[in-house]
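Colleague: Sequence:
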Amino acid sequence: MATTTSEDLKARRKAAGAACNRWLSRQKVPAPDLLRALADAATEDEQDAYGSGGEVELLEKEVAELLGKPAAVFVPTGILAQQSALRVYADRAGTQRVALHGLSHFLQHELNALEEVHHLRIERLTSEPRQPRPDELAAIPGHLAAVALELPLRDAGFVLPTWDELVLFSEACAERGVPLHLDGARLWESTPYLGHSLAEVAALATTVYVSFYKGLGGLSGAALAGPEDIVAEVRRWQRRLGGTPYTLFPYAVSARAGLRDVLPLMGDLHQRAIELADALRTAGFRVFPEPPHSNSFRVYAPRPAEQIELAAVRRMEATRESISYIWQPADVPGWSWVELVVTPDTLRWDVDEVGKAFGELLEE
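Using our numbering, read the sequence shown as starting at 57 and increasing by one per residue.
Just so you know, the hints here were simulated from the structure itself, not pulled from any lab data.
None of these values were measured; they are calculated from a predicted model.
In this text, a Cβ means the ideal position worked out from N, Cα and C, and glycines have one as well.
Straight line, CA to CA, 30 Å or less: simulated DSSO-like cross-link-like pairs of lysine-lysine:
| hint | residue 1 | residue 2 |
| --- | --- | --- |
| 1 | Lys70 | Lys84 |
| 2 | Lys412 | Lys66 |
| 3 | Lys70 | Lys412 |
| 4 | Lys84 | Lys412 |
| 5 | Lys66 | Lys84 |
Cβ pair distances, simulated, as ranges:
| hint | residue 1 | residue 2 | range |
| --- | --- | --- | --- |
| 6 | Asp317 | Cys76 | 18 to 26 Å |
| 7 | Arg404 | Glu227 | 41 to 49 Å |
| 8 | Lys412 | Asp317 | 26 to 34 Å |
| 9 | Thr133 | Ile382 | 18 to 26 Å |
| 10 | Arg342 | Ser62 | 21 to 29 Å |
| 11 | Gly124 | Arg342 | 31 to 39 Å |
Work the whole structure out from these sequences, hints included.
Modeller: Here it is in structure tokens:
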């Protein structure tokens, strides 16, 4: 019998993944094919110089128009975009205090950069796995430089507020005179649930960050949109923090392709997520949120993580199909969870087929 240690499972998953020829969430494309596709997608002969001109300039104009903001700046990473925005707010306000959710990307995945690099002071709105409320903002006394809201809140299970809740929170920030910044890494995927356009959502905040490599499938990169003076200051921080390599055009080309080809599918991806959640519940799993708020949600299984991960790897080896990421232990003993992200590749799978494939993981 094969060993089932964590390291062995990781090695087997890696080998099985390399041999797969079908993927539920995102198809792996060989690097040469990806570069050829980028060449076909490019519209400008001239490349940018340190982020100025070419495809980058066109992308910034497109994003500003989509979000209904006066200006936008393209940067290599979302971490750079968002830290720069909060630093600008803090310098302007004369205070280092910013209000964040305890599960926000700022605090979970950036090695304490807001405090270590920018010397900002964090005020936690809440750490509950839900969106924060206006009364929790009101409970934080004193002067704040900014408030950040992550839409959806990924580490809570891709949770969104309702439109009315979002409006009330925005109004609470405005009444207090504090800028609202939207961490919209997955904002593109949020509009079907919110029932309003990108520009309508963005109008509730002073600045908005969006990502191009998640839901849109770009190579990398992000944008920060907002008032012209704030965007101009963010550009200065981009330079200070080393975010202006000699050229950014491959990232801008892939981002524009995502806006053109994938953004129109967001309604279909959300609907398919709802359908898959129903199929998975029928197969013996639980999902959260129920129904999904976006194209991504959590799937919970009544089996320990290493046990169902072994079943998933065995299925990959037998079928050459990849249907899930690595399963993680859940808070409830004996249960495990995984994120399911619906992409255009997912639309090639029949809903019942996905339910059956996941059901096989519970049968071993």
